[in-house]
Amino acid sequence: MRRLNQYARAFGRRELTLAGASVVAIIVFATTSPYFATADNLATVLRNSTELLLVSLGMTLLLAMGSIDVSVGMVLGLAAIAVGRLLQAEIDPLLAALAGPLAGAALGLITGLVVVFANIPAIVATLGLLGVYRAAIFLALGGGWLSGLPTGLTTLLSSKLAGIPVAALVVAGAYGAVWAALRRTPYGPHLLAIGQSEDAARLAGITVRRTRVATFVLSGVLSGLAATFYVGTYRNVEMTIGSTLALDAIAAVVLGGTSILGGRCSLLGTALGVLLLRLLQNGLLMSGVPSLWQTVVTGVLLLTVLGLERVGSFMPSVRRAGRSV
Amino acid sequence: MTPPLLVAEGISKRFGALTALTGINLEVRAGEVLALLGDNGAGKSTFVKVLAGAHPATDGTLRMDGVPVAFSSPQDAANAGIATIYQELALSENLSIAENVFLGRELVWQVAGVPFLRRRAMQERVADLLHELDAHISDPDAPVGSLSGGQRQAVAICRALNLNARLIIMDEPTAALAVAETRKVLQLIRRLSGRGCAVVLISHNLSDVFEVADRMVVFRRGRKVAERTRAGTDHEEVVSLITGAHPDVRALEQQQS
Ligand SMILES: Nc1ncnc2c1ncn2[C@@H]1O[C@H](COP(=O)(O)OP(=O)(O)OP(=O)(O)O)[C@@H](O)[C@H]1O
Ligand SMILES: [Mg+2]
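Those protein sequences? They're chains A and B, same order as listed.
Going by this note's numbering, the first sequence wraps up at 831, each residue one higher than the last.
Going by this note's numbering, the second sequence wraps up at 266, each residue one higher than the last.
Hint data in this document are derived by calculation from the structure and do not stem from the laboratory.
Note that the Cβ used here is the ideal one computed from N, Cα and C, for glycine as well.
Incorrect hints may have been included.
Taking CB as the label site, the calculated pair distances span [claimed, not checked]:
1) Gln119/B / Ser793/A: 49 to 59 angstroms
2) Arg72/B / Leu604/A: 54 to 64 angstroms
3) Gly19/B / Arg716/A: 37 to 47 angstroms
4) Pro124/B / Ala595/A: 32 to 42 angstroms
5) Leu27/B / Arg716/A: 32 to 42 angstroms
6) Val120/B / Ala595/A: 33 to 43 angstroms
7) Pro124/B / Arg519/A: 28 to 38 angstroms
8) Leu809/A / Gly19/B: 55 to 65 angstroms
9) Arg199/B / Ala525/A: 47 to 57 angstroms
Pulled a few chain A residues facing chain B out of the computed Cβ check, cut under 7 angstroms [unchecked claim]:
10) Gly682
11) Ala683
12) Leu698
13) Ala699
14) Gly711
15) Arg715
Just chain A, with the same shape it has in the complex (with noise of 0.2 angstroms):
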């Protein structure tokens, strides 16, 4: 007994123990592959993380707030149409960048509207909406593709400001800024508070549904940023875009220790999840495994996780374990 609390213990240090297993899966896919372990590959880890980074910070503030959205990818796809449509329309890359999180925002009010007024349960509403989405996409896109896009918002984004890539930055800064309001605004502890209880967060005088709201269309933004680099990255907007999205988002947010019953979150859990799953992915297609494998290992890795949660909340140690932003 006294064994399974430590180990409860060290599990409750996620970060650390991500940080671990990404160096674990690093030093065992460098085994299998000659080419996981370079410099290259290893930066194009990092590039592909970039829209998973920004869409599960969203993801993370949702479940912090005993929410959830499955219908991220589509709010993607939907703003990644805007943004291409833009640029096929050869307006000024930066105004195209700026339809994705403007796009996000749109729909992130759609999606909070609909599940906070309608008074339906997140993941269900969700699910209705990400059908709706997926029709507006196939709608917008006409069966086709967008591709060959033109190249201006691949340029704007690709650049360095000071040595550092654009999308380092803007990840960090979105992190920085979520941040410092969950820290250091009343929006951290409204959020937190909702997650744990609504109805006492109501008692508290906290404007439960205007939060709730506010937290959607945050998302959603997040989404439309990430909409924005994909297009800037790919140049071509696809029938299927985002449809893993939301497990990967869910999955690397749960891993990062947000709970998915609400009322805790990690930012830096969020961000070290990301990193590990985009490893593992990378790892395993870099080991000629087939990529069909990925959504396997994604889910399995959600489960698993959720699994020992299950068993963790029963030990006091964990479920003291308390709050890190």
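Assemble chain B with the ligands onto chain A, guided by the hints.
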């Protein structure tokens, strides 16, 4: 003479066909501890929920400082200075003590329209309140999830005081507490009344009640059947009032039926 802090006149409450309260008249004065007693289902919780704005009364009026008031939400009641400490405590376990005390009423300073928390000021205020209540909690930054039941009561009371409550309602605050913790909560109640804050206390534990209450009101089947000062009664009489064995209660109930 100043009017009582709170006066309830003819308060009735029906839930559909069920009558939970019938014509309750009652006064609460500033700085007194008033105990509500009665058997299970007598209507005590329902009555304090009316006071707290959680249920609207079907009939009757409430006056605060002599002025009629109508509460449509606990928020309304809180703004008028009535705070409730719920039977199921409504604290957020993952938030710190200070965050819980100020939840929904955070102290902030605005920078370009963005409200930033004044953490230091809130911590200091909470540390002062905890000290004043002699609550034996040293760190306002500790998560509430790590506190004992009695300490949580202290946090809930701090929260009420911080909202300038003049009447604090406690529904069975000691029901889930061990002996030592119960003693601390009773001390807290005395200290509250010492500060001029009125306390309405519901408890099934008569020795607790006799220790802190200035006055006692007994409910039976939704009616107020007796009112006593602590000096004017004893354990035995109160028990007979609650069970209905007391001649006064019998007479009253015969007259009603
Ligand atoms: N929301 C409600 N809807 C319908 N009936 C209710 C509701 N709340 C209370 N009642 C009924 O009103 C009556 C009084 O209940 P109340 O909870 O006020 O009793 P109490 O004196 O607090 O009892 P206890 O000592 O067991 O807490 C009971 O018959 C109860 O079933
Ligand atoms: Mg009760």
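Now for the hints, and whether the structure bears them out:
no., hint, in the structure
1, Gln119/B / Ser793/A: 49 to 59 angstroms, "holds, 54 angstroms"
2, Arg72/B / Leu604/A: 54 to 64 angstroms, "holds, 58 angstroms"
3, Gly19/B / Arg716/A: 37 to 47 angstroms, "holds, 38 angstroms"
4, Pro124/B / Ala595/A: 32 to 42 angstroms, "holds, 40 angstroms"
5, Leu27/B / Arg716/A: 32 to 42 angstroms, "holds, 36 angstroms"
6, Val120/B / Ala595/A: 33 to 43 angstroms, "holds, 39 angstroms"
7, Pro124/B / Arg519/A: 28 to 38 angstroms, "holds, 32 angstroms"
8, Leu809/A / Gly19/B: 55 to 65 angstroms, "holds, 59 angstroms"
9, Arg199/B / Ala525/A: 47 to 57 angstroms, "holds, 52 angstroms"
10, Gly682, "violated, 14 angstroms"
11, Ala683, "violated, 11 angstroms"
12, Leu698, "holds, 6 angstroms"
13, Ala699, "holds, 4 angstroms"
14, Gly711, "holds, 4 angstroms"
15, Arg715, "violated, 14 angstroms"
Of the hints listed earlier, those the structure fails to meet are numbers 10, 11, 15, in rising order.
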